[in-house]
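Numbering (this note's numbering), first residue to last: 1254 to 1695.
It cannot be assumed that every hint is accurate.
As the list claims (entries may be wrong) - Simulated DEER-style distance windows between Cβ atoms:
| no. | residue 1 | residue 2 | range |
| --- | --- | --- | --- |
| 1 | Glu-1652 | Asp-1360 | 46 to 52 angstroms |
| 2 | His-1329 | Pro-1273 | 25 to 31 angstroms |
| 3 | Arg-1367 | Gly-1338 | 19 to 25 angstroms |
Don't read these hints as lab results, they were simulated from the structure. Because the structure is a prediction, the values reported are computed rather than measured. Glycine included, each C-beta is placed from N, C-alpha and C at the ideal position.
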Amino acid sequence: MVAVPDIRKRCLIWLGRPTPREREVLAAAGWELRVVDDPASARIGLRGSDLVAGLVDLRGAAPAWRAAMHELLARHPELPLASLGDDGDGELPGERLLSLREPLDLDQVRGLQRIAEGEGAPSACGPDGDCLVGRSPALLQVRASLNKFAPVELPVLVTGETGTGKELAARALHEMSPRARGPFIAVNCGALPPSLVQAELFGHERGAFTGAAARRIGLFEAAHGGTIFLDEVGDLPLDAQTNLLRVLQEGTLERIGSHQSVRVDVRVLAATHVDLEQAVARGRFRQDLYYRLDVLRLHMPPLRERGDDVELLARHFLEAFRRQHQVRARAFDPAARRALRAHAWPGNVRELLNRVRRAAVVSEGELIPAEALQLAAAATPSATAGDGLDEVRVQAEREAILATLRESGFNVSECARRLRVSRVTVYRLCRKHQLELEALRV
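Let's have the full structure, built from the sequences with the hints guiding it.
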C-alpha cells in the first residue's frame, strides 16, 4: 500500500468574538473554531495530535479583558499566537505573534498553519497550481466541505453544471486527503466506447477477446492506493455498473477473461451531467450503485451565484496566461469589468477561462476592452425571469439543437461532433430546452 501522510486536525482558539463571515473563512480553510469570549474563566486543553493556534481579537477589547487574556496566555507559552486588531499596549510576545488585518481572508488564514507547524497545509489546488479561486460565500462553503470530506474514506458524488470545476474539486479532495501520495486518475465515462468500458476500467487477460494480445491492467488497478474520479458516471452501461458496485462493496474486481479476484484499494469520486435519481427511476442506473456513490455530496455552485468571484477569477486567469505567454494585456478596463459582472455565464468557469484567454490574445493594448471578451450586452439582473434573456436567441438555440439531433438520428455523439461541442453540452442543452431524448427517439 502507498505510504500516506498523517492528516491532523487544525483547531483555532479565538479569544474574542468572531463575525459570521470570519467563521465561514476559517471553516473554508479547514480550522475547527473554539471561541473563548471570557478569558478570566477559560481553560485551554491542548491535544498533542492536533495543530493548535490562538487568535487574540483585540477589536474593542476593554482593559480588564486584556488583563485576563494576558494571564490566560501566560499559562500557555507553547501556544502559537496571532492577533487581529490593534495591540495597543505592545505586551504580546513578538516571537509568538502573527498580525492579521481586516477583512480576514484565506490568504491570511494560511499564515496560521505556518505558525502552528512551520509548513503549508494541503490546499484546494490541483497539481498544475490552478486553484479553486474565490471568496464568495458559495465557494467558502465548497472549501469547508472539501476540508470535511478529504480525510474521510467514503465515496463523494460531485454535482453541478458543466464548467463549474467538478474535476478540479475532485483533484483537491485527493490532494488534501491521506491518499495524496498515491495516483489520481480521472476517467470520462461518457468518452469510453461501450464495447471497451469493461476492459478500460477493470482490465483484461491475454486472449480475452479479439485484439487482446497481452494482459492489461485497468484504470482501477492503476489507481491502487489513490483515487479514481469517474466523470459522467451516469453514462456507464449496466454491466459496468455491476462491476463498479462490486468494487465499492468488496474492494475486488475481475479482469475480463479471468475468474480470479484482484483486490484494489481505491477511493471513488464521481460526477454526472444527468440526474441519477431520474436515471434510476427509468431503469438506466442501478439504485444500489446510486446509494453507494451518493454517500457524501459536494455541490459546485454556478458562476452566476458567486458574485465578485467573476472578476477575481478573470484577473487570476489573465495573470496565469501572462506567465505562460507574451501578451500586452495586463488588466480589464471599466467597461470590460462591467460586462464580466453582467454576463450570465452559462458555461461557468470554463467559459470565463476561455474568454479571458481569447481576449488576452486579441487585445492590442494593456487594458482589455469589453469588445475583446465578445460578451453579448446583458441587462442588469432582476427578480423577473424574463429580464436579461433574449427570447429570440433562446428559441433559435432550441431549434438548432433539435434539428441537429434529428439529422444525426438522435445520436448524441454524432450531434456533438456536428455542433463541435462536447456530449455533456448536448445533454445540458437538452435539459435546458426540455428535450426528452427517449421520447424523441420513438
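Evaluation of the provided hints:
1. Glu-1652 to Asp-1360: 46 to 52 angstroms: This hint holds: roughly 48 angstroms between Cβ atoms.
2. His-1329 to Pro-1273: 25 to 31 angstroms: holds (27 angstroms)
3. Arg-1367 to Gly-1338: 19 to 25 angstroms: For Arg-1367 and Gly-1338 the Cβ distance comes to about 20 angstroms; the hint holds.
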